[in-house]
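Just so you know, the sequences run in chain order A, B and C. Just so we're aligned, residue 2 is where the first sequence starts under this note's numbering, counting upward by one. Just so we're aligned, residue 115 is where the second sequence starts under this note's numbering, counting upward by one. Just so we're aligned, residue 33 is where the third sequence starts under this note's numbering, counting upward by one.
Be aware that a few hints might be false.
[Stated by the list, open to error] Selected chain A positions facing chain B (in silico; Cβ < 7 Å):
hint, residue
1, Trp58
2, Asp142
3, Asp149
4, His150
[To be verified] To be clear about the criterion: a stretch of chain C counts as covered by chain A if any three or more of its residues have a C-beta under 8 Å from a C-beta of chain A, and this derived list gives those stretches:
hint, stretch
5, 71 to 77
6, 244 to 256
[Claimed, not checked] Cβ-Cβ distance ranges computed for the label pairs, FRET-style:
hint, chain 1, residue 1, chain 2, residue 2, range
7, C, Ser65, B, Val620, 46 to 52 Å
8, C, Val126, B, Phe350, 27 to 33 Å
9, A, Gly108, C, Ser296, 16 to 22 Å
Don't read these hints as lab results, they were simulated from the structure. Predicted model only: the values in this text are computed from it and were never measured. Glycine included, every Cβ here is placed at the ideal spot set by N, Cα and C.
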Amino acid sequence: MVLAGAAAIAGCQREARPFRELPAASARSQAASETPLYAGSPSPPTGTTSPFQENAWGLSEGKRLFVAYNCVGCHAQGGGAIGPPLMDNQWIYGFEAKNIYESIVQGRPDGMPSFRNKIPEYQVWQLVAYVQSMSGQTSIDASPGRADHMPPHTPETISPYIGRRQTGHK
Amino acid sequence: MSEPAEPRARLVVERPDAPRPTDAELAREHQRLSETWRVPKGVLGWFMVVDHRSVGMRYLVTAFGFFIAAGILAALMRIQLAFPENTFLGPDKYNQIFTTHGLTMMFLFAVPVMEAMGVYLVPLMVGARNIAFPRLNAYSYYMFLFGGIFLFTALLTNTGPDTGWFSYPPLSGPEYTPGKRADVFAQLVTFTEVAALAIAVELVTTIFKLRAPGMTLNRIPLFVWAMLVTSFMVIFAMPAVVTSSTFLLLDRLVGTHFLNPAVGGDPILYQHLFWFFGHPEVYIIFIPALGMVSMIITTFTQRPTFGYIALVLSLFATGFIGFSVWVHHMFATGLPQMGLTFFTVASMLITIPTGVQIFCWIAALWKGRPQFATPLLFVIGFIVIFVFGGLSGVTLAALPLDLQVHDTFYVVAHFHYVLIGGAVFPLIGGIYYWYPKMTGRMMNETLGKANFWTLFVGFNVTFFPMHQLGLMGMPRRVYTYPAYMGWNTLNLISSLGALLLVVGGVMLVYNLVHGLRAGAPAGENPWHADSLEWATSSPPPVYNFLEVPIVEGRHAVWERSPDRPVVTGLRSDIREVLVTDVMDAEPAHRDQFPEPSIWPFLASVATGAFFVASIFTPWAVVYGLPPIGLTLIGWFWPKKPAGEHVAEMMAPGAPDPVAPDLHA
Amino acid sequence: MGRARAIAIGLALAAAGCGGVQSALNPAGPQASAIAALTWRFFILCGVIYVLVIAALIWALARRPTPRDETAEGQRRLGRIIAGLTVLTTAILVVLAVSSVVAGRGLISPSGPGAITINAIGHQWWWEFEYQDVSANEWVNSPNELHIPVGVPIVIKAMSRDVIHSLWVPNLIGKRDLIPGIVTHTWIQADTPGVYRGQCAEFCGHQHAHMAFLVVAEPRDRFETWLQRQRRGAPQPSTPEQQRGHDVFMTGPCVMCHTIRGTSAASNIGPDLTHVYGRQTIAAGTLPTTRGHLAGWISDSQSIKPGNRMPPVPMSGEDLQALLAYLETLR
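The shape of chain A in the complex, shown without the other chains (with noise of 0.2 Å):
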C-alpha cells in the first residue's frame, strides 16, 4: 500500500499531459552558453532542466517528434551517422538540458541546422528531454518504450545510465 502511495505520487507528474500549458512560441535563442558575453540585456536565462524530464507523455513525444523532425536523419536512433551519436557518454557542446537546448534552437557548427522559429519551444523541451533518456538519464517509468517499428535500439525504458563528459568541440 506505502509503495502504491509512493508510486502514486510519483505518478501526478509523469502520467500528466499538458497539452496547452507551455509556450509554444517559437523557440527563440537564449543565454548563449559558451560565453557570458552579450549585448543589450540579457535574455531570460533558460532553464536548467526540461520540464520533462519525468514527464512520459512529453518523453514520448520527444520519441516521435524525433523521428518527425527527422532528426533520425543525421543522427539515426541515436547511434550517430552523419551526425554524432546522441546515446554515448560523450558531449560536444555539454549534457545539460540547456545545452542540449541551445543546440537544437542555435545549431551547431559543421552540420547542426538552427530550429529556432521552426519547432516551438515547448517541443524542443521535449526533444532535449528525449536525447537524454537515450543515455539512461531519465527514470525508468517515464521513459519511453519501444518503439512499433523495427527496432533500431534498446527501448529507453531499459537503457542503462552512461554518464555524461563533456569532451569539447573536436
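Since chain A is already given, all that's left is putting chains B and C on it; use the hints.
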C-alpha cells in the same frame, strides 16, 4: 481432498425409531459448534477470518462499493455528454473515466458480486459447513480488494487507464500510451483474474464434493448449477486474458514484439485472446443471474421448478456455446468472410438455450399464482429488459448490420440492456430475496417496489435512446459531439434518465441500511422457499447447520419427510466437514478444515506488492517473489491432523454406515 | 466563398435532422441500402417476437391457475408447447442467419466495372485519401475529404500509420478497421449526389471524437474537374500580402509538417495543404473552412482539439493575416 486408503468413518443416519436429541443436547451441540467454528474478533481477527459467510459478505459489500464508484463515473460521463461540445470533462479525463467505468463494472463489480453470492449461498444451499479451501477464499477477497484499491488510486493520481476496457494495442502499446496507465490496466486484470480463478476452484470443489448426503446431481438447486457452469467458464476463459495482458505488459515494459506489426507481431492476436475471454466473461456475469431467477420464480410461485432438466442443460449449452462466438466483436477487422459467417451463426444459436429458459420461466409463472413481492418484480423487469437486449444482440450477430452499428451507442445500449437487465436486475432481486437470510431482517416492501420502478424507468429512459443514437451515427467513446448532428435531444434525455438511475441507486443503499435498523425480524424461512439455506436460522449460525440435513428431493425444504433425517457423528470439537462423492453425494470421508489464519492476508499483501511493483521496476521480480514464497510456506505449514479418532470409532465388524434410504 | 459555403453546409447538416447526416437508416448507396433493408427486416421480426414474449409474460402473470395445470397431462402439454416454441425459434434464427449471410455476400466485392481505387490512410487524428493515377506526378492526396463520382464503385485499401482506426460512412457502408501492419479492403458507392459525413469508429486516442471526414459524391464530370484541379500544384502568390504569407509559411514551423505542392514545403507528417481552402472543413471535420476558423486553428489548435498533433503557432497579427491571405489562394 481424498485421503489414501483410510477406513470409512462411521456415520450414523437417524432412523425413525432412534431417539431424537433433547433440547439440552442440542443446546450443548450449539455451544460446542459455536466455539469450534467461531469467527475471530478484533482488528487482527478481522484479517484472519476464513468463514465463507463473512468473506462472502465482505465481497458483496466491497463489490457494491465499486458499483457505486463506477456509477458515479458513469454519471460524470452522462453530464459531459448531456450537451454538445460540453467542456465539463476534457478528453484526457473523459478517457480515463470511461475506461475505469468499464473496468470497474466488469472486473470489480459484475464478476466479483456474482462470485460473492456464490461464496455466501452455495455452501448453504448444498448443506456444507464452509466453502472448500477457506483460506484461499480469504486470499481471493484480499486480492480483489487490493486490485480495486490499486485501480482507483491510479485513477485519482492521473494514472487511470485511458484506452477503453479492452485496451487494444497499438493504442495501449508502448508507443501510443506513455506512462503507466496501460500497465495499471494489465495488472488490474491480473489481480482480479487470480481472485476469480481462486473462487472458481473453490466453488467447483464445494459443489462436487461437499454436498449434503442425498443431494444427487438431479437434486442440485439451479443457482448451484449456475455457479458450477460459471466456475468452469472462469477456469477456461481467464487464461486467455492473462495471456493477452501479459503480452501487453511485456511489450510495454520489456520491449518484446508480440503485438508489434512491424516485426511480425499482430495487434489482432491481442483481440482474439482478449475476446476469447471477453465473451465468456459476459456469460460468467449473466449465468449466475439466471440461477437466481430460477430460485426466485420457484419461491414466488410456490411450485416445483418447471423444466428442471431443460434449465440445467440450457445453462451448460449457453456456457459451452459462449466460447464459440468471440469473433463477433471483431467483425470489422477484415477477417475472411467464411470464418465470420460461422460466428454469425453461432452468435444467433446461443439465443436458443436462453430462449428455452425464458419459456420455462414464463410457463412457471403461467402455472403458478405469482406473489408480487419485490424480488419477483425485479425478475419480471429482468425478462422485459433482457429479452429486448437479447434481441438487439441477434441483430448484432448479423454481420452487415453489425458493421453499421459496431462501436456506436447502439452497442452500448445492447450490452447495458443485457448486463443491467440480465444480471443487475436479478442480482438486486436476489439481494432483496436473500437479505432476510443474510441479516435476519426483512426489507421494506413499499420501498422495495418504489426502488424497482425507479430503476426500471430510469434504466429505460437512459439506455433506450442510445439505440437510436447509434443508428444515427454516434460512435462510442467520444468525449463530445458536434451540435449540428441531431444527437442533442436524445443525449439530454439519456442523461436525465441517468439522474433517475442515481436516485434509484441511492434508494437501494437506503433500503439496505434502513432494513438493518428497522426491518421486521425474519424467521428461518419468511418466503416459504425450497432450498437448504432456508433450513437454518436467519442469519445462519457460524457453523451453518446445527444438524446437517439429508436431502430427499429437488426442493430440499419442501420435500423433507416429517422425521427430518440428519447426519450425525461429525465431531464438533474440530472443524470437521463431511466429504461426499460427486454423482450421488454418498458420504465418502470426513475432512478437517483449517482454523482462522493470518497467512492468506500476508500472502495477498506479498502478491499485491509484487504485482504493483513489477510495473515500475524489474527488480520487483527479484525482491517480490521470496516474500510470496515465505507466506506460502507459512500457509502450508503442516498441522497435526486430528485423525487419531478414526481408529477409536471403527470397531471390527461395524455395520456399513450408509443407510439404503439415502438413494433417490 | 468559403464562408458562405460553410454556412450552407452547416444549415444543410442541421436540417437533416433525425435519420439524416451520418445515419445508417438514410442510405445513399447500394451497400447501405442493402444493410438498411436487412436492418428493417430484423427489427420488424425481432419486434414482433418481443411483443409476443411480453404478451405471454403478461398473460402468464395475470392468469388464474386452474387445477388442470398441476396434472401430469398439463405438465406434458406445457413441455410440448415449449419444445414447439424452441423449434420455431430455431427456424426463425436460421431464416435470420441466412438472410444476413446473403446480404453480407453482396458487400464483399465491387458490383460494376470502372472501379476507382483509393488508399485510405488513418492517422491520429486525421484521414489521408490518396488517388493513385498512372503517373506518380499525378497522385492526388486529399486529406479529410473524399470526392467520388456518383454511381461508380470505389475500392478502398485501408491502412493505418499508427493505431487502429475504423473507416465508417453510415450513409454508404459499414465499418472497416484500419489496422497497422495490414491492408484491409472495402468499397463504397454513392448513388445519390450529396455530402456524407463519416467518422472514425475505433477508439484511437484523445481526439477520436474529432476524427471525421466528408465524402462528396458528385456527377462524373464534376469529379473529373475536381481531380484535375487537385493534380495542380499551388498557384504563385499574386499580391504582396500573399507573398508575405507565403514567406511566413516557408520560414515558420509550418514547413516542418506540411506539404504544399509547387513549393519547397514537402513534409508529410501533417495533412497536405495544397488545396486546403478548397475543402469544406479543417481539422478532420472539426471546423468549417473559413478565415476565422483557420486563424483560430493556427493560433491555438490545442484549445480546439486538445492533444492533437498540431502545436499552437503564435505569430504577430499581420503575419497571421498575410498567412491567411496566402492560404485562401490554395483552393
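Hint by hint, here is what the structure shows:
no.	hint	verdict
1	Trp58	holds, 5 Å
2	Asp142	holds, 5 Å
3	Asp149	holds, 5 Å
4	His150	holds, 5 Å
5	71 to 77	violated (count 0)
6	244 to 256	violated (count 0)
7	Ser65/C <-> Val620/B: 46 to 52 Å	holds, 47 Å
8	Val126/C <-> Phe350/B: 27 to 33 Å	holds, 28 Å
9	Gly108/A <-> Ser296/C: 16 to 22 Å	holds, 19 Å
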